[in-house]
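One-letter residues, chain by chain:
There are 2 protein chains.
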Amino acid sequence: MSIEVVMTGTGSTKYGPSERSPADLAQLAVKDALEEADLRPGDIDGFVLSTQNSDILQKQGNPVLRFAEFLGLDVKFGTRTEAACVAGTTALKTGHMAVESKTVENCLVLGVEKCNELPSNTEVVSAFAFINERDFEAQLGANAMWHFAPYAVRHMHEFGTTEEQLAEVRAKNSRFSTKNPKAHFQKEVTVDDVLESPIVCKPLKLFDCCPISDGASAAILTTGENAKEQVDVPIYAKGYGQGMIPADVVSSIPDHSEFTALKKAARRAYEDAGIGPEDVDVVETHDCFTIAELLEMEALGFVEKGGGGKFIEEGQSDLGGEVPTNTSGGLLCRGHPIGATGICQATLIAEQLRNEAPKGRQVDGAELGINQNLGGPATNQAVFIWERR
Amino acid sequence: MSIEVVMTGTGSTKYGPSERSPADLAQLAVKDALEEADLRPGDIDGFVLSTQNSDILQKQGNPVLRFAEFLGLDVKFGTRTEAACVAGTTALKTGHMAVESKTVENCLVLGVEKCNELPSNTEVVSAFAFINERDFEAQLGANAMWHFAPYAVRHMHEFGTTEEQLAEVRAKNSRFSTKNPKAHFQKEVTVDDVLESPIVCKPLKLFDCCPISDGASAAILTTGENAKEQVDVPIYAKGYGQGMIPADVVSSIPDHSEFTALKKAARRAYEDAGIGPEDVDVVETHDCFTIAELLEMEALGFVEKGGGGKFIEEGQSDLGGEVPTNTSGGLLCRGHPIGATGICQATLIAEQLRNEAPKGRQVDGAELGINQNLGGPATNQAVFIWERR
Numbered sequence: 001m002s003i004e005v006v007m008t009g010t011g012s013t014k015y016g017p018s019e020r021s022p023a024d025l026a027q028l029a030v031k032d033a034l035e036e037a038d039l040r041p042g043d044i045d046g047f048v049l050s051t052q053n054s055d056i057l058q059k060q061g062n063p064v065l066r067f068a069e070f071l072g073l074d075v076k077f078g079t080r081t082e083a084a085c086v087a088g089t090t091a092l093k094t095g096h097m098a099v100e101s102k103t104v105e106n107c108l109v110l111g112v113e114k115c116n117e118l119p120s121n122t123e124v125v126s127a128f129a130f131i132n133e134r135d136f137e138a139q140l141g142a143n144a145m146w147h148f149a150p151y152a153v154r155h156m157h158e159f160g161t162t163e164e165q166l167a168e169v170r171a172k173n174s175r176f177s178t179k180n181p182k183a184h185f186q187k188e189v190t191v192d193d194v195l196e197s198p199i200v201c202k203p204l205k206l207f208d209c210c211p212i213s214d215g216a217s218a219a220i221l222t223t224g225e226n227a228k229e230q231v232d233v234p235i236y237a238k239g240y241g242q243g244m245i246p247a248d249v250v251s252s253i254p255d256h257s258e259f260t261a262l263k264k265a266a267r268r269a270y271e272d273a274g275i276g277p278e279d280v281d282v283v284e285t286h287d288c289f290t291i292a293e294l295l296e297m298e299a300l301g302f303v304e305k306g307g308g309g310k311f312i313e314e315g316q317s318d319l320g321g322e323v324p325t326n327t328s329g330g331l332l333c334r335g336h337p338i339g340a341t342g343i344c345q346a347t348l349i350a351e352q353l354r355n356e357a358p359k360g361r362q363v364d365g366a367e368l369g370i371n372q373n374l375g376g377p378a379t380n381q382a383v384f385i386w387e388r389r
Numbered sequence: 001m002s003i004e005v006v007m008t009g010t011g012s013t014k015y016g017p018s019e020r021s022p023a024d025l026a027q028l029a030v031k032d033a034l035e036e037a038d039l040r041p042g043d044i045d046g047f048v049l050s051t052q053n054s055d056i057l058q059k060q061g062n063p064v065l066r067f068a069e070f071l072g073l074d075v076k077f078g079t080r081t082e083a084a085c086v087a088g089t090t091a092l093k094t095g096h097m098a099v100e101s102k103t104v105e106n107c108l109v110l111g112v113e114k115c116n117e118l119p120s121n122t123e124v125v126s127a128f129a130f131i132n133e134r135d136f137e138a139q140l141g142a143n144a145m146w147h148f149a150p151y152a153v154r155h156m157h158e159f160g161t162t163e164e165q166l167a168e169v170r171a172k173n174s175r176f177s178t179k180n181p182k183a184h185f186q187k188e189v190t191v192d193d194v195l196e197s198p199i200v201c202k203p204l205k206l207f208d209c210c211p212i213s214d215g216a217s218a219a220i221l222t223t224g225e226n227a228k229e230q231v232d233v234p235i236y237a238k239g240y241g242q243g244m245i246p247a248d249v250v251s252s253i254p255d256h257s258e259f260t261a262l263k264k265a266a267r268r269a270y271e272d273a274g275i276g277p278e279d280v281d282v283v284e285t286h287d288c289f290t291i292a293e294l295l296e297m298e299a300l301g302f303v304e305k306g307g308g309g310k311f312i313e314e315g316q317s318d319l320g321g322e323v324p325t326n327t328s329g330g331l332l333c334r335g336h337p338i339g340a341t342g343i344c345q346a347t348l349i350a351e352q353l354r355n356e357a358p359k360g361r362q363v364d365g366a367e368l369g370i371n372q373n374l375g376g377p378a379t380n381q382a383v384f385i386w387e388r389r
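Going down the list, the protein sequences come from chains A and B. For what it's worth, our numbering labels the leading residue of the first sequence as 1, then goes sequentially. For what it's worth, our numbering labels the leading residue of the second sequence as 1, then goes sequentially.
Among the clues, some could well be false.
Identical chains blur together in the list; that is why a pair holds if it fits in one copy or across any two.
[Claimed, not checked] Cut-off 35 angstroms, straight-line C-alpha distance, at most; resulting in silico cross-link-like pairs (DSBU-like, lysine-lysine):
| # | residue 1 | residue 2 |
| --- | --- | --- |
| 1 | Lys182 | Lys263 |
| 2 | Lys228 | Lys187 |
| 3 | Lys102 | Lys31 |
| 4 | Lys305 | Lys102 |
| 5 | Lys228 | Lys305 |
| 6 | Lys179 | Lys102 |
| 7 | Lys264 | Lys102 |
| 8 | Lys14 | Lys202 |
| 9 | Lys228 | Lys264 |
Derived from the structure by calculation, the hints contain no laboratory data.
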């Protein structure tokens, strides 16, 4: 009889530039997660830490030992995971496996990132270049915009997708963000605001891009048995899929008209869960750029290839549509503290499935949700499926 | 019925300063591991990468996607682990959980490190300071010698341990290293050589310290079922234990007379495996300094606290003794490419349990072995128990 794994406690700090240290941010998120699950630090026997930039921005390797000390943990399994922007979800999966394999009972999965350590965003973006392939791309100034703009160009060319359709992603997510007091940005922007914002990397404009955020998010994973004592509404881990394609630089991506790695990850996750895209009630996706959310709608199977622009235009990803998407504001508005993002997404899905999201963001009767997270030039993708029972 | 996890393919490069890139080193180790298990890259569906310093020394984050590309892998689960010098064993455990939880069938666990990227050892040691706690220790020039010398001072003070006994650890391991063509150093040194070598951090001398090595090691973990088709002598994962104490800087370590975290890790591992120290035939331990091996004999329960010096002096950790230890030459002579070390240790235990170590290193009839790995100031410890059946 295999162990069922459940998300119980959840917690997040407000996202956005912060004066707090990574350890401070972590404490805040973990305190909330422990309280929600009615646990103390001594009850935690597994610890997976997701943080991307501590070596470079904090000049601090080996954070897992340090954070365990700060948090008062004595664990039977503990490690840090790192996989660029998808690390939060690989951390969740690592914690999931730790519980499922009976290595631990209560696993804290914590994502922490403090990106605003340098005087300007430009300097932070330069520092982030170390995530890119070194010998060709990083030297040339490669960055995330460089990786994602070609997807937009290609989709517009092949399917007639418009800049207005891309802008609608940000407009929708910004409307949700006004109801999320933890979001980095909480201001509504219109399609025209997006179109009039400065070009960053054609056709992506400033408001097509997510910000550089600080923040921490935490989730506690436990056994189905323990969960009964921890929370009223247990959220079950129902399926996981990851997919990579062998492409780390823009020139080796075989097809910019789709997220090929996500199609793989989604197929594997649906198979693992025994469900299909039609069963999904709510999703948090990795909308680091507006074009990303559009391609995610297609790769997750909510609309056919090429139909993403129309899907969004018709409001199918909005509340009341086919699959309400990024009702937290998404990376575009909620923010993107790199290693924390995947974990935050999962906690937001839990909030939805527990019917605890505020009015204007709650999806009525949501029972099954997905968090989808990506790393690198969208070529390493992970999908986690969660269910209320 | 729970899945049994087996180590099949194993591979390591020669350790020591190398002109090869991390990717090159990885290819060599992985090629050997795949051949040993009679697998191709396409058979691998899980990938855990352990590398410590790529962000700092190679200016390269997100190595997991890049290495998957180089190696031609298409995996259902993949991440990097980082936990300083113990990362190799947390990677093994992550791969173990991936197989045990049926997430994947054949998991490649790969450790790669290229430390010799800077003009001098002094510069490399300075770069490594980022692993140490930043606000107090790293600024003061903390390094591994600073962390381990107090253990030696304390043990000598409390139990009368001598510099000669410490030197005997290096002398023993150097004798083994002359029979290991992959070792960083392969030259026999005597107790007198050690005692006459320059002081590094009193009482530790140059030959009491392990070198700075490049290298890669790989292990393939699979199900008991698959293992039958891959190798003649399957090596079963029998137990795992990890232990931390809340101490990241030298001044917060409560007791320098022992490895308290290892006592915890060992207790948990023995419990998980249902065995005791008396059942262990051979061990590879984390002898980053001579004093470490001595304290490991005690914390692993092979000799009572305080008895480590005499145990070594009597040859109990040598071939023919109670528990032959570091028959590969250990970190002291084999070398210590940080993220690779734990994985290398496990492959060396597999070699022993398969009765494939060369004469002069093989422990006759060894059936059960341990690899023990530590991180930080010895306050994060992991023990993996392996068995031939």
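Task: Hint check, failures only - done: Hints 2, 5 and 6 contradicted; others consistent.
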